[in-house]
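A.B. asks: The listed protein sequences derive, respectively, from chains E and L.
Numbered by UniProt numbering, the letters in the first sequence go through residues 1 to 429 in order.
Numbered by UniProt numbering, the letters in the second sequence go through residues 1 to 429 in order.
Incorrect hints may appear among the rest.
Intra- or inter-copy, both count: the list cannot distinguish identical chains.
DSBU-like cross-link-like pairs, simulated, lysine-lysine; straight-line CA separation at most 35 Å [to be verified]: (1) 246 to 204; (2) 165 to 342; (3) 17 to 150; (4) 70 to 342; (5) 165 to 5; (6) 291 to 46.
Read the hints as simulated data drawn from the structure, not as lab findings.
Protein chains: 2
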Amino acid sequence: MLLLKTSDEGFEAKFTKVVRDRRESDTQVGRDVSAILHEVRERGDKALVEYTTRFDGHNLSTEDDWSISKETCEEAYKSLDADLREALETAAERIRAYHEGQLPEDRDYTDAIGMRLGARWTAVDAAGLYVPGGRAAYPSSLLMNAIPAKVAGVGRLVVTTPTPKGEVNPLVLAAAHIAGVDEIYRVGGAQAVAALAYGTQRIKRVDVVTGPGNAWVAEAKRQLYGVVGIDMVAGPSEILVIADGKNDPEWIAADLLSQAEHDPTSQSILITDDARFAAQVEDAVDLALMKLPTAKTARASWDAHGLIVIVDSLEDAIPLADRLAAEHVEIAVDDPEPLFAKLRHAGSVFLGRNTPEAVGDYIAGPNHVLPTGRRARFASGLSVLDFMKRTSFIGASQGALEAIGPAAVRLAEAEGLPAHALSISKRLS
Amino acid sequence: MLLLKTSDEGFEAKFTKVVRDRRESDTQVGRDVSAILHEVRERGDKALVEYTTRFDGHNLSTEDDWSISKETCEEAYKSLDADLREALETAAERIRAYHEGQLPEDRDYTDAIGMRLGARWTAVDAAGLYVPGGRAAYPSSLLMNAIPAKVAGVGRLVVTTPTPKGEVNPLVLAAAHIAGVDEIYRVGGAQAVAALAYGTQRIKRVDVVTGPGNAWVAEAKRQLYGVVGIDMVAGPSEILVIADGKNDPEWIAADLLSQAEHDPTSQSILITDDARFAAQVEDAVDLALMKLPTAKTARASWDAHGLIVIVDSLEDAIPLADRLAAEHVEIAVDDPEPLFAKLRHAGSVFLGRNTPEAVGDYIAGPNHVLPTGRRARFASGLSVLDFMKRTSFIGASQGALEAIGPAAVRLAEAEGLPAHALSISKRLS
Numbered sequence: 001m002l003l004l005k006t007s008d009e010g011f012e013a014k015f016t017k018v019v020r021d022r023r024e025s026d027t028q029v030g031r032d033v034s035a036i037l038h039e040v041r042e043r044g045d046k047a048l049v050e051y052t053t054r055f056d057g058h059n060l061s062t063e064d065d066w067s068i069s070k071e072t073c074e075e076a077y078k079s080l081d082a083d084l085r086e087a088l089e090t091a092a093e094r095i096r097a098y099h100e101g102q103l104p105e106d107r108d109y110t111d112a113i114g115m116r117l118g119a120r121w122t123a124v125d126a127a128g129l130y131v132p133g134g135r136a137a138y139p140s141s142l143l144m145n146a147i148p149a150k151v152a153g154v155g156r157l158v159v160t161t162p163t164p165k166g167e168v169n170p171l172v173l174a175a176a177h178i179a180g181v182d183e184i185y186r187v188g189g190a191q192a193v194a195a196l197a198y199g200t201q202r203i204k205r206v207d208v209v210t211g212p213g214n215a216w217v218a219e220a221k222r223q224l225y226g227v228v229g230i231d232m233v234a235g236p237s238e239i240l241v242i243a244d245g246k247n248d249p250e251w252i253a254a255d256l257l258s259q260a261e262h263d264p265t266s267q268s269i270l271i272t273d274d275a276r277f278a279a280q281v282e283d284a285v286d287l288a289l290m291k292l293p294t295a296k297t298a299r300a301s302w303d304a305h306g307l308i309v310i311v312d313s314l315e316d317a318i319p320l321a322d323r324l325a326a327e328h329v330e331i332a333v334d335d336p337e338p339l340f341a342k343l344r345h346a347g348s349v350f351l352g353r354n355t356p357e358a359v360g361d362y363i364a365g366p367n368h369v370l371p372t373g374r375r376a377r378f379a380s381g382l383s384v385l386d387f388m389k390r391t392s393f394i395g396a397s398q399g400a401l402e403a404i405g406p407a408a409v410r411l412a413e414a415e416g417l418p419a420h421a422l423s424i425s426k427r428l429s
Numbered sequence: 001m002l003l004l005k006t007s008d009e010g011f012e013a014k015f016t017k018v019v020r021d022r023r024e025s026d027t028q029v030g031r032d033v034s035a036i037l038h039e040v041r042e043r044g045d046k047a048l049v050e051y052t053t054r055f056d057g058h059n060l061s062t063e064d065d066w067s068i069s070k071e072t073c074e075e076a077y078k079s080l081d082a083d084l085r086e087a088l089e090t091a092a093e094r095i096r097a098y099h100e101g102q103l104p105e106d107r108d109y110t111d112a113i114g115m116r117l118g119a120r121w122t123a124v125d126a127a128g129l130y131v132p133g134g135r136a137a138y139p140s141s142l143l144m145n146a147i148p149a150k151v152a153g154v155g156r157l158v159v160t161t162p163t164p165k166g167e168v169n170p171l172v173l174a175a176a177h178i179a180g181v182d183e184i185y186r187v188g189g190a191q192a193v194a195a196l197a198y199g200t201q202r203i204k205r206v207d208v209v210t211g212p213g214n215a216w217v218a219e220a221k222r223q224l225y226g227v228v229g230i231d232m233v234a235g236p237s238e239i240l241v242i243a244d245g246k247n248d249p250e251w252i253a254a255d256l257l258s259q260a261e262h263d264p265t266s267q268s269i270l271i272t273d274d275a276r277f278a279a280q281v282e283d284a285v286d287l288a289l290m291k292l293p294t295a296k297t298a299r300a301s302w303d304a305h306g307l308i309v310i311v312d313s314l315e316d317a318i319p320l321a322d323r324l325a326a327e328h329v330e331i332a333v334d335d336p337e338p339l340f341a342k343l344r345h346a347g348s349v350f351l352g353r354n355t356p357e358a359v360g361d362y363i364a365g366p367n368h369v370l371p372t373g374r375r376a377r378f379a380s381g382l383s384v385l386d387f388m389k390r391t392s393f394i395g396a397s398q399g400a401l402e403a404i405g406p407a408a409v410r411l412a413e414a415e416g417l418p419a420h421a422l423s424i425s426k427r428l429s
């Protein structure tokens, strides 16, 4: 953990280093992934069988080895502990309600010169969701990816997920049942993303691929961007807590650790105007780490990437927060509004003392797939729009064409595009 | 030019080949670009100077070699022929009006359990627009990229454009003046995109890079996706004209040629239910090519990639059009509405006999930066949203947290994330 004070000499250089440090994958991953994509594109299912044996210790031969049926998902759902099933249902309902509010409106109007103009939104035909296996197999991720796709109106929803040594996660299957997933394939890694993007004999290609994954999965999505639509290149998780000294240090420590426990590369940052409070939080983190079952991961993250910044006033936290452009920003003060109004770059903001970030991970409603690695400067969280596309349209009446056609002809000629000019001038009287 | 009839044996295989053919860049470009990005990242301006000398024959030494001032742009604007200036102004006004209608609305509401939820849109801080030099230096492109950025509220708008042998295009400078561009650098190619994304000593980095370019520029954007936001990987232009036999063959021929004249890799496709009309269009294309100043390019494109498909009924055109997912689709019939209603995948649609695609390139208002290479299956044209990002927010009252917190704790525990659970349970009474 690094402790900085804005009033210290050398603060700017140290803070700049934090902002610039990219906790991202190396170029070797790029080469490996590139080879895997090539193999899957050329050899389809055969490549999937080989990689799945090699990486997951899982043999793809029978139908049940390849895929998980809707019936199996329904059984997993029915076998779930009632409390947990209810929790999943509540989460799904709230996520659905929030995302329904994102459905865009079409435009269709005729302007003053008689030109009909507009835009129509439609869902993509098919979407593929990557669901990690093993430790990071999160049913909440499945809901957060599948529900926006369903709300968008996607007709075919495909999940790929690795099942290491054949092991499946019943919670994920139950979530797939709730979300209405159409197909599940037991394939993971870059090879799964390649299968979704290119299609194989067994797995029909999709139009958009979303969902979290390890460095290979993220790199595969990056390389296939353009072949399919993707949600975003996702990196390690981050939380930035802006807090005054009137918070319970244990609460804030838990918030910081809730990101740190994800991965050793996760980053947890506290900015406060109260040095005494900062020390209390530091102590509370150390204390919590003694009992936390995920302490190994959380401690590695906190030691390597944890940061506390002491500012003179919480107002000074905002420009720093904008430079960090963090995935999650908590504003833990009595009245978060004035600080929130000034903040420009953040994936999602958690307002007030009663809104731990984890409530957004599961159940609040907004999406938990958010831009990481300072990408909130230009990117947004996953939404219904990621599963839709917009077709603009233009309909010129004879009068409208007469009104503005000559100007377009002039521009086309000036650009040296005579056929463009001709296609308009031929239609002018 | 390839002529297909849906009723012919072997149609499906031949049409599938057309859909699958990617008129895209090769892997050598990928390696070259990767090296250029690395050099610019490591060596900044020095790399720019070297590449600009080598590729553009332009020496970057004085301030005027590096950049073009706002004053120079204003002079170019004032020196413009009055008709042309008015045409540019009309185009800018109409583009602005259409894009203002794209500004998204924020959300902010409190749900039944007392949870405040919402989303706030903000503009990115800075955007970089790539403007090609030489033959493809289009003022219309500058307007189509810069105006949405301005409407979004982007504070700093940077243009990079190559000036081969020092040559500048006064029309582009005039357009930059009209659009309110803040900085123009005389750098092009992958090296310009790298400078915009990473920043150099002279060129401060931006958050989003948009704009057309050659294969190197497109590949640079693809590789830098995630470091910055980009509009889309753009490939060669396409037009698909769906027309009955009652059109003037010369009009439709001009429409087809308006794409073909862009580049030898462009693609022009006619689908019609009238074989006699198809032959007339073919003849009209040949005739027009005899007089067209851009015939060399247009003929190369038409010969290599031109396609006419004869269908039994225009209804049959729609599933083919959806598979082609073309950048531009004209529906040249008396009542385009029923066909348009069924079409799912297209960048932009041009309705009726009086709407040549070129009217959308310049002056109708909607953006002419559109998804190519079948990407309309999942991507949309450039819009104000490409220069903005959305921050979701959550504010839990004590009551709201009590209502759904326990369910979130259950899910966190089931996912094996105890610090997530702790951050909520500590706040529950």
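A.B. asks: For each hint, tell me whether it holds in the structure or not.
C.D. replies: Cross-check of the supplied hints:
In this homomeric assembly, residue 246 and residue 204 never come within 35 Å of each other (Cα to Cα): the closest approach is 55 Å inside a single copy and 40 Å across copies. In this homomeric assembly, residue 165 and residue 342 never come within 35 Å of each other (Cα to Cα): the closest approach is 50 Å inside a single copy and 46 Å across copies. When the C-alpha separation of residue 17 and residue 150 is checked against a cutoff of 35 Å, the pair qualifies only between copies, where the shortest distance is 31 Å, while the shortest distance within a copy is 41 Å. Only between protomers do residue 70 and residue 342 lie at most 35 Å apart by alpha-carbon distance; the minimum there is 31 Å, versus 47 Å within a single protomer.
For the identical chains of this complex, residue 165 and residue 5 are neighbours neither inside a copy (49 Å) nor across copies (51 Å), given an alpha-carbon limit of 35 Å. Proximity of residue 291 and residue 46 under a CA criterion of 35 Å is satisfied in neither setting, with 46 Å inside one chain copy and 54 Å between copies.
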